[in-house]
Amino acid sequence: MSLILGILAQSAGAVGGGASYESIMTATVSGTSTNTISFTSIPSTFTHLQLRITQQTSAYDVWNIIEFNNDTTATNYWSHRIFSVGSGAAETQSGNNNYIFYQAVSGHSTTSMTGQVIDVLDYTNTNKNKVVRHLSGLDNNGSGFLWFGSVGWNSTAAVNRLDIKLFDSTGKTFTADSKFALYGIKG
Amino acid sequence: MAAGSTYTPISTTTLGSAQNTVVFNSFSGYTDLVIVTNVKSTSTENMSMIFNSDTGSNYSRTIITGNGSTATNDRQTSVTSIGTDYNGYFDGIDFNQAKIIQIMNYSNSTKYKTCLIRSNRAQSGTDAIVGLWRNTNAITSITLGANSLNFAVGSTFTIYGIVAA
Chain A
1 MSLILGILAQ
11 SAGAVGGGAS
21 YESIMTATVS
31 GTSTNTISFT
41 SIPSTFTHLQ
51 LRITQQTSAY
61 DVWNIIEFNN
71 DTTATNYWSH
81 RIFSVGSGAA
91 ETQSGNNNYI
101 FYQAVSGHST
111 TSMTGQVIDV
121 LDYTNTNKNK
131 VVRHLSGLDN
141 NGSGFLWFGS
151 VGWNSTAAVN
161 RLDIKLFDST
171 GKTFTADSKF
181 ALYGIKG
Chain B
1 MAAGSTYTPI
11 STTTLGSAQN
21 TVVFNSFSGY
31 TDLVIVTNVK
41 STSTENMSMI
51 FNSDTGSNYS
61 RTIITGNGST
71 ATNDRQTSVT
81 SIGTDYNGYF
91 DGIDFNQAKI
101 IQIMNYSNST
111 KYKTCLIRSN
121 RAQSGTDAIV
131 GLWRNTNAIT
141 SITLGANSLN
151 FAVGSTFTIY
161 GIVAA
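Protein chains in written order, with this note's numbering: chain A, 1 to 187; chain B, 1 to 165.
Because the hints were derived from the structure by calculation, they are not lab data. Every residue, glycine too, gets a C-beta built ideally from N, C-alpha and C. It cannot be assumed that every hint is accurate.
[As the list claims (entries may be wrong)] Taking lysine-lysine pairs in the DSSO-like style, the calculated list, with each CA pair at most 27 angstroms apart, reads:
no.: 1; chain 1: A; residue 1: Lys128; chain 2: A; residue 2: Lys165
no.: 2; chain 1: A; residue 1: Lys165; chain 2: B; residue 2: Lys111
no.: 3; chain 1: A; residue 1: Lys128; chain 2: A; residue 2: Lys186
no.: 4; chain 1: B; residue 1: Lys111; chain 2: A; residue 2: Lys186
[Stated by the list, open to error] Listed next, the stretches of chain A that the computed footprint assigns to chain B, with coverage defined by at least 3 CB atoms under 8 angstroms from CB atoms of chain B:
no.: 5; stretch: 33–42
no.: 6; stretch: 62–75
So here's chain A without its partners, still in its complex pose (with noise of 0.2 angstroms):
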């Protein structure tokens, strides 16, 4: 397992007393921010995998987009949602794309972290396209963001390699304090 960021900061050393929920990795934005967050050689020996993330973003109007192996071509990957901003009727959203949240103009702040816990199911199974179900959040006292959907992979392939990043995120970057862990949960 390794990690692509060089300028994270990384700790190791887990506690607890469960054995089928391990921490894999994690990254801790510190410094210097940066649009993308890859979680590379994750071991094959879990049954699915879960992120669980606080992130801040250095500006508004930014997509989070989720990747597998390396594989950047948009129309790979499909997705649907249904979302919250806050009034009105439940909105939903579909297309090609692997979009897990949307940092919305309105939501945009320098203290409110977005939280975010998404699953990936069965990322070994090599007869399965891969699926994710995400629950993305940002609440900013009167303004905020709320995504609640999944994503598909078509693709059977194994997932070695995961990365989240700021998708048209020219000059946007995940800012300090953002943190990105990495678990596996054993069948």
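Using the hints provided, position chain B relative to the given structure of chain A.
Positioned in the frame of chain A, the structure of chain B alone reads:
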């Protein structure tokens, strides 16, 4: 290679008598907290959550909710607690409400605290909620409340701790 096992059960409370609140105040050394509840009461009510006994108007939430016929959004600002459900409330009939609360990076001392909630009751609805506590203090206590009612005997509350490597 994985760095270590986690998602540790910290404590579980099973009520032997009806009570209005349940408090968790003994957790440290984790990155995130997860609370799982299964409750009922004497009538329909919502579950509130406050941190560090703060009863000020320092909470807010953004909601997606469905009641079987309509899916809607909602928001509350500057309120005195985070409402952890909407249509996925509990009631006095059964224990069919199930709730998971994810409290992210709860000990960070420079940022406000964000939580993600999924609450469901099969007979009434389902909710997804993001909540905010506008305070940079580390969370040292969590109070779950039944508002105007009491949680019934047999209601369960479990808190887990997750450590990031």
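Structure-based check of each hint:
{"no.": "1", "hint": "Lys128(A) - Lys165(A)", "result": "24 angstroms, holds"}
{"no.": "2", "hint": "Lys165(A) - Lys111(B)", "result": "22 angstroms, holds"}
{"no.": "3", "hint": "Lys128(A) - Lys186(A)", "result": "18 angstroms, holds"}
{"no.": "4", "hint": "Lys111(B) - Lys186(A)", "result": "32 angstroms, violated"}
{"no.": "5", "hint": "33–42", "result": "violated (count 0)"}
{"no.": "6", "hint": "62–75", "result": "violated (count 0)"}
This entry does not satisfy hints 4, 5, 6, going by the numbered hints stated previously.
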